[in-house]
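With the hints as your guide, set chain B with the ligands onto chain A.
Chains as they are written, first to last, in this note's numbering: chain A, 1 to 237; chain B, 238 to 445.
For the record, the hints were derived by calculation from the structure and aren't laboratory data. Glycine residues also receive a C-beta, built at the ideal position from the N, C-alpha and C atoms. Check each hint, because a few of them may be wrong.
Lysine to any residue pairs mimicking SDA-like chemistry, simulated, CA-CA at most 20 Å apart [said to hold, decoys possible]:
#1 A:Lys219 <-> B:Gln387
#2 A:Lys161 <-> B:Thr275
#3 A:Lys219 <-> B:Arg258
#4 B:Lys365 <-> B:Ser284
#5 A:Lys219 <-> A:Lys39
#6 A:Lys39 <-> B:Gln387
#7 A:Lys219 <-> A:Trp138
Derived DEER-like restraints, expressed as beta-carbon distance ranges [as the list claims (entries may be wrong)]:
#8 A:Asn57 <-> B:Lys363: 32 to 42 Å
#9 A:Gln75 <-> B:Ala374: 29 to 39 Å
#10 B:Thr318 <-> A:Thr131: 23 to 33 Å
Which stretches of chain A does chain B cover? Using the computed rule of at least three CB atoms under 8 Å from a CB of chain B, they are [claimed, not checked]:
#11 73 to 82
#12 111 to 122
#13 183 to 192
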Amino acid sequence: MPNTPISATNNLSTTSEATVVDCNDVTTTKTQPHLQGQKIGLCLCPVCRKLNLTSNNHCRRCFSQLSNRNYASIQQSWALLITATILLVVANIYPITLLTNRGVVTNDTIFSGISHLVQTGMFPIAIIVFTASILVPWLKIIGLATYLTAISFNLPVSKRKLMVGFHIIEWIGRWSMLDLFVISLTVALVNMGQLLDAKPAPAATAFALVILLTQLAAKVLDTRLLWDRLEQSDDTN
Amino acid sequence: MHEFDDHDSIILCHSCDLAVRKRALPSSSRAICPRCHTVLYDSPYCSINGMLALCIAALIIFIPANLLPVLEIHFLGSVRTTTVIQAAVTVWAEGYWVVGLAVMVAAVIAPGLLILSILTQVMIVKLKLHSSFWQRAYSTLLKNHGSISQMTMLEIYVISFLVSAFQLSDFSDVYFGMGTFSFTMLFVIILFLQREYNLEHMWSYVDA
Ligand SMILES: [Zn+2]
Ligand SMILES: [Zn+2]
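Here chain A stands alone, though its shape is the one from the complex (with noise of 0.2 Å):
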């Protein structure tokens, strides 16, 4: 098989135990480099991923209408972000529980709630807690940007990596609501008046809402735009 950049590939594969098979692409035997679908005519059904011929408006399979690229998308994307960071600066600033213990009202901030986790003992805890609330949020909205800034500044990245990390981003996101469920159960069952009492504090609301804007932002994102411009640019990485 000359001239296919499939060479290694399985090491990379990011999931789980099933077999990966490699497929070829339709160019393989050609002397072209990688055909895009928008070259064809071709498009994927943005809702049941049917393929379709892109002169038609509607999916034969689902009738959705189909669109070809999403060019907006990248604004969409980059304004959800940045108001989640500015959300995610606010969530670690300001306490996120408020806790009386014996009469003594204290606020807990993410960190300052990690760092008491520390003082106790409970090294593992305080590990689950760190990556869920602080390490995922702040890897998401880092790798977010650099994929929008690669994509709106065409940088040359190897996009292949890009890819990779978009994919760990869409699935770690989800962890960041350990945090809100623990909250809800411990203010829930700590409420025993001014000896004990658990109490949500403001950067909880920030905390749900950077949640949601960057699930938002990762959805929005027509990630086929990054891979026209490696076309147009023809670096194989």
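The following block gives chain B with the ligands in isolation, referenced to the frame of chain A:
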């Protein structure tokens, strides 16, 4: 472009739009895009009867999972318990309705809808309901399947039982309730249900 007239032997990568020739897969394997490594399609292993059984099991365990106490704390002689629904409602009642809604959707509403949606789809396929009403209902359910299953976060809630229990053990004695057991079982059943379910395969019933 006459050589591509046979559309069903070609698929496009939904991440990078590469045109790929489709071929038959051995069971329990998946095809990945040669350029960007997105999973393109799985070999279908959907068993309609298997999914029906899992749906019914999930529906049965859904009720105790949400209504029985999941955590119990003993503090200076008094006992406090909470259920998954109570926890969400309490945060909402404290004025944090965004948080309450998020917890409610991720742990109660989305899993419930997911079970009912798959159950309805399975019944439509199994009973061969071809009338236009059922066919329209079927494609509506399939169109929304992706978002519902993305909002279902049972695995994260199961971990949060452990985290909460450890955090609270600093102040008081913590016990797991029957709800925790039921909720974990619900998570396991839904996990198997989602492994059995294949959206691409379910869509193929519409073509027929
Ligand atoms: Zn469609
Ligand atoms: Zn691809």
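Hint check results:
Using a Cα cut-off of 20 Å, the hinted pair Lys219 (chain A) and Gln387 (chain B) holds, with the two alpha carbons roughly 11 Å apart. Taking the CA atoms of Lys161 (chain A) and Thr275 (chain B), the gap is near 12 Å; set against the 20 Å cutoff, the hint holds. A distance of roughly 26 Å separates the Cα atoms of Lys219 (chain A) and Arg258 (chain B); the hinted pair therefore is violated under the 20 Å criterion. The hinted pair formed by Lys365 (chain B) and Ser284 (chain B) meets the criterion: a straight-line CA distance of about 15 Å does not exceed 20 Å.
Taken as a hint, the Lys219 (chain A) and Lys39 (chain A) pair is broken in the structure, with Cα atoms around 25 Å apart against an allowance of 20 Å. A distance of roughly 32 Å separates the Cα atoms of Lys39 (chain A) and Gln387 (chain B); the hinted pair therefore is violated under the 20 Å criterion. With a C-alpha separation of about 17 Å, the suggested pair Lys219 (chain A) and Trp138 (chain A) falls inside the 20 Å cut-off, and the hint holds. With their beta carbons about 34 Å apart, Asn57 (chain A) and Lys363 (chain B) fall inside the hinted range of 32 to 42 Å.
Between Gln75 (chain A) and Ala374 (chain B) the Cβ separation comes to about 35 Å, which falls inside the hinted range of 29 to 39 Å. Between Thr318 (chain B) and Thr131 (chain A), the C-beta spacing of about 29 Å keeps the proposed range 23 to 33 Å intact. Requiring three or more residues with a Cβ within less than 8 Å of a Cβ of chain B, the coverage given for the region 73 to 82 of chain A is violated, as only 0 such residues are present. Only when three residues or more bring their CB closer than 8 Å to a CB of chain B does the claim for the region 111 to 122 of chain A stand; here the count is 3, and the claim holds.
Only residues whose C-beta sits within less than 8 Å of a C-beta in chain B count toward coverage, and the region 183 to 192 of chain A has 10 of them, enough to reach three; the restraint holds.
Hint compliance for this structure: hints 3, 5, 6 and 11 are broken, all remaining hints hold.
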